[in-house]
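Since the structure of chain H is already known, use the hints to place chain A on it.
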Amino acid sequence: DAGVIQSPRHEVTEMGQEVTLRCKPISGHNSLFWYRQTMMRGLELLIYFNNNVPIDDSGMPEDRFSAKMPNASFSTLKIQPSEPRDSAVYFCASSRQLAGYYEQYFGPGTRLTVT
Amino acid sequence: AQSVTQPDIHITVSEGASLELRCNYSYGATPYLFWYVQSPGQGLQLLLKYFSGDTLVQGIKGFEAEFKRSQSSFNLRKPSVHWSDAAEYFCAVSGGYQKVTFGTGTKLQVIP
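Protein sequences, first through last, are from chains H and A.
Numbering follows this note's numbering, in which position 82 of the first sequence is assigned residue number 82; successive positions increment by one, without gaps.
Numbering follows this note's numbering, in which position 51 of the second sequence is assigned residue number 51; successive positions increment by one, without gaps.
The set of hints was computed from the structure by calculation and includes no laboratory data.
One should not assume that every hint holds.
[To be verified] Keeping only pairs whose Cα atoms sit at most 20 Å apart, straight-line, the calculated SDA-like set for lysine to any residue is: (1) A:K99 / H:E14; (2) A:K99 / H:S87; (3) A:K107 / H:G42; (4) A:K68 / H:Y101; (5) A:K99 / H:A99; (6) H:K24 / H:E14; (7) A:K99 / H:D57.
Bound conformation, chain H alone (with noise of 0.2 Å):
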């Protein structure tokens, strides 16, 4: 299995502009999430969603951010307008249920910049 992917691997932008980043999950996944990462903050769950479905969005930081699943091999996070303070790695992960026992596979993430 490919694993999870994520596009772009590296992201430099300039503050203001819209940054969309990209997830396929493992095939036969029925979960994603979607983590951002920073040494401040630590691991932290954006949002989730379950059979493309978002579950639980409190996790994602102001309304700059949202995040879409339009079938079950494909999601996006976007981020318009970027500031600074987005910078980032962001993570996608998915898994075969929601339920919690079932772990977790992650991506190698994206290294987002805002300039």
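Below, chain A without anything else, positioned relative to chain H:
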């Protein structure tokens, strides 16, 4: 609400020495517990998991963890550390259909 505490932010051990990383959790019922490892520039990889049964769980790369309900702990151990084990280690807890909660991580440095 469930939570995880990893009291050690950074640990340094000599290569060949034994290792124990601490993890304490808070959850009202029987938890599902995980240890993940993150190498520099990589995503998190599952080392091992506990659901029920034998409280001593074996994982990949020679790691093991022991679930102690009375202490609400799930410490990770390895008898002999290799230089390639240098990474950050995350303990995580979940229950039922709840989302997984990760600890803040412990960075392991291995010195020759």
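Hints, one by one, checked against the model:
no. : hint           : in the structure
1   : A:K99 / H:E14  : violated (33 Å)
2   : A:K99 / H:S87  : violated (25 Å)
3   : A:K107 / H:G42 : holds (12 Å)
4   : A:K68 / H:Y101 : holds (18 Å)
5   : A:K99 / H:A99  : holds (8 Å)
6   : H:K24 / H:E14  : violated (26 Å)
7   : A:K99 / H:D57  : holds (12 Å)
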